[in-house]
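Given chain L, put chain Z with the ligand in place with the hints provided.
Chains L and Z supply the protein sequences, listed in that same order. full-length UniProt numbering puts the first residue of the first sequence at 1, with every later residue one more than the last. full-length UniProt numbering puts the first residue of the second sequence at 1, with every later residue one more than the last.
Hints in this document: simulated from the structure, not taken from any laboratory. Cβ atoms here follow ideal geometry from the backbone N, Cα and C, with glycine treated the same way. Do not take every clue at face value.
[What the hints assert, rightly or not] Among chain L residues calculated to face chain Z with C-beta under 8 angstroms, some are:
hint, residue
1, Ile53
2, Glu59
3, Thr341
4, Gly342
5, Tyr343
6, Trp627
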Amino acid sequence: MVTVSVATLTHRRRSSERDPDAATGGVYPGPVMSGESLYPRLEPLLAQVQKPIQYVGGELNAQVKAWDDVAVHWALMYPDAYEVGLPNQGLMILYEVLNERPDALAERTYAVWPDLAALMREAGVGQFTVDAHRAVRDFDVLGVSFATELGYTNLLEALDLAGVPLHATDRDESHPVVVAGGHAAFNPEPIADFVDCAVLGDGEQAVGDITDVVAAWKQQGRPGGREELLARLARVDGVYVPRFYAVSYGPDGAIAAVTRTRADVPARVGKRTVMDLDEWPYPKTPLVPLAESVHERMSVEIFRGCTRGCRFCQAGMITRPVRERTITGIGSMVDQGLRATGYEEVGLLSLSSADHSEIGQVAKELADRYEGTNTGLSLPSTRVDAFNVTLANELSRNGRRSGLTFAPEGGSERIRRVINKTVSKEDLVATVTTAYANGWQQVKLYFMCGLPTETDEDVLEIAELAVEVIRAGREASGRKDIRCTVSIGGFVPKPHTPFQWAAQASAETIDHRLRVLRQAINADRRIGRSIGLRYHDGKPGVIEGLLSRGDRRVGRVIERVWREGGRFDGWSEHFSFERWTAAAGAELAPFGVDLDWFTTRERTQDEVLPWDHLDSGLDKEWLWDDWQDALSEEEVADCRWTPCYDCGVCPTNGTEIQIGPTGRSLLPLTVVGR
Amino acid sequence: MARQPEGPPPPPTVQKLRLRYAKRGPLRFASHRDLARALERALRRAQVPMAYSAGFTPHPKISYVGAAPTGAASEAEYLEIGLAQRCDPEAVRVALDDSLPPGIDVLECVEAAEGGGSLADRIDATRWRIELPGIESAELESAVAALLAAGEVTVAKRTKNGLRDVDARAPIASASAGGAAGCAILHVVVRQVTPAVRPDDVVAALAAVADLRPPSPPRAVREAQGRLDDSGTVADPLGPDRAARARCQGEHAAV
Ligand code: SF4
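Bound conformation, chain L alone (with noise of 0.2 angstroms):
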């Protein structure tokens, strides 16, 4: 071991000057056992802090399972904030998956607020779970859920809190195997130093394939240390190990090329798939908080995938193909989820609800089975179609019709077309004022500016439409309290899609076209009243945008941005720009390149991508097409009701698309009685 970073020694130092048993061995100071409860050690830190609750565990649906009757532990995390990460579902299916298996148990852990992250550093309690307060120091696997990169420097934190060596060669065999997962992870090059594994893809299947890695190696007395359990778990379908592959860059900045270090490595990673969602209805016991969470409400996930084929969306393109719960799927999930949560509202998730092939009736059947007993039911924002609002008219038959969201994207049918989100101003108009008519009273649109090709105009066109939309509103509804709220966020290319080679926009050139939206919805003061306006700045757009098509290279940013204090960087509050592009100034100097080299310079055809060993299984020529397509303002259609037009994952990945309908439909529920 040659270097040990800066960060853990002060740590070490830290915990070991305030108590000298520190020196008998652990990095912590008092008994060493494995999976012991650092609660008595936390609890005078709590009361000292604020909303001590998120910290505490004891959720309702949480399980704790004796450390010693199982050979793997599992530490998962959600870096963010608690309220943000306990809904996560990802994590929460994880959760329930590894704690049924009988030789695993897994514990959750979130980000901690700088408030208690300083009193642990002064007593020297590490990053701990909330369950049974175990230190993730003493897990075998810290799996990580990345909804977003913004998250990125609270992993840092968690892993200088846990005692854990911040650079994933620094550790040794005693250090659990760090392995980041969710949408970031088909792009974990800015966080190759840091972690051990990346996976990519559903996750359900794959931790049961490293646990069982974990286990064999473990049992076999750990041969060959951590670089042979990391051999083993690189040849596990969907586990990417960084360290097994080396990157030259070019005279220019870009990629030379990546090779892999091992021959017993995959030379690209694929992804992982799971076919029958009906055979993974996870969660089945949604955790439940005591504290508030972003999210009041339980959620059923309805289908997995989407093939719309919307160009910004790296949600839907890694997802492919689309993969249905079934009615009955549904039926039983909402049904068991309800009972053990007692939850009064369900949300029926998915990446554009409207489209599950059953949809009308899973609407309609569940709203008679829930008639008259307080249960809300809501589907979350959805495509500009007459049929949503028939469909949330169905949700919504007896109970407040408050808010319907929709998702336009782009302002005008122009820039609707590039991003492959078709729909005309009159249907657009037409659709919100059915709403209003149906009893709505407030519409949320959502939309993006610094789409590729856009220009001021096409921003200027959301103001035409909200104002449109109010007067066709208070006309068709008679009402003059309707409301719409504009909602607009800067896009950020994401890799593996088709705008991955375009330049983004810069933060300027979002806020001024964030500024002159705003003046022309302000310009007639008699509609403007009625339209709100929410928008974030576009500077941390441009930050997400440097780590999500980052390469390793971007890494030396991330680190010495977290230890210049950068945490929560999600957090308005505690995002600092400046920070930012100072260190990524300091950082990215000595390679040649720089922010701007990273965002808003649009990529050639021919450069290799720091993503491309990774395989989400879209061809890589049918993105680069898709991109020209965009460029020419030509749409593409979906693939669930035209043929196939070969976008490559369903051969990769030997996977199809599996929809519905079935025919089936719910069974009435026996009423249990007291």
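The following block gives chain Z with the ligand in isolation, referenced to the frame of chain L:
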């Protein structure tokens, strides 16, 4: 025109139940809002036939009385619920307790006696037990004596409107020291006044009069809530309901 919910108005309240519950262990860090959310969900999960208010967002009929502060444990939290269907109080207690996470434990459930007055009217004081790790009981004893001897002890208290000076001495009905080596225990009965004088304020008062400063945060448990009677004890607020119940059962037996 505004939509109205279709169908008849929700059924009326036919029975009121009063419950005592505890918040224990790590769940002492739950706030009142956290507890309220958990209780409402548990009532649904337990399928307790709650009465609801009318309208598009019907609310179950629940009223909470004098919640213990975040960070304080309690053996004596109270709430009253209105049911649309009569239920056996003990069955409701068991079902609700089963539906709550361990650490929020439903201890008692009695039917509210007709015309017996509100629960809130039966509560005006708390008996606290405050553990002071790192403090010896002799130390605490002299601090308590100083506190009781003082006429007024002003402490700065964080309220919604910023820091505010309050007299922490006046609401203290009684106080005594006990405990084992290394961890003194303060028993104190505090009248419920506005702004509330909480365990933290009592500890701050001890610091003010006797410079008693626990090295780590004190742990408070609310042991009882109720009316402070003339003898200085805190009466059981569910007592009158229980007595009425016994009386009425007695009458039935007599018939
Ligand atoms: S391979 Fe064909 S059928 Fe499969 S997702 Fe791509 S376009 Fe659709």
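Which hint numbers does the structure go against, in order from smallest to largest?
Structure breaks hint 6 only.
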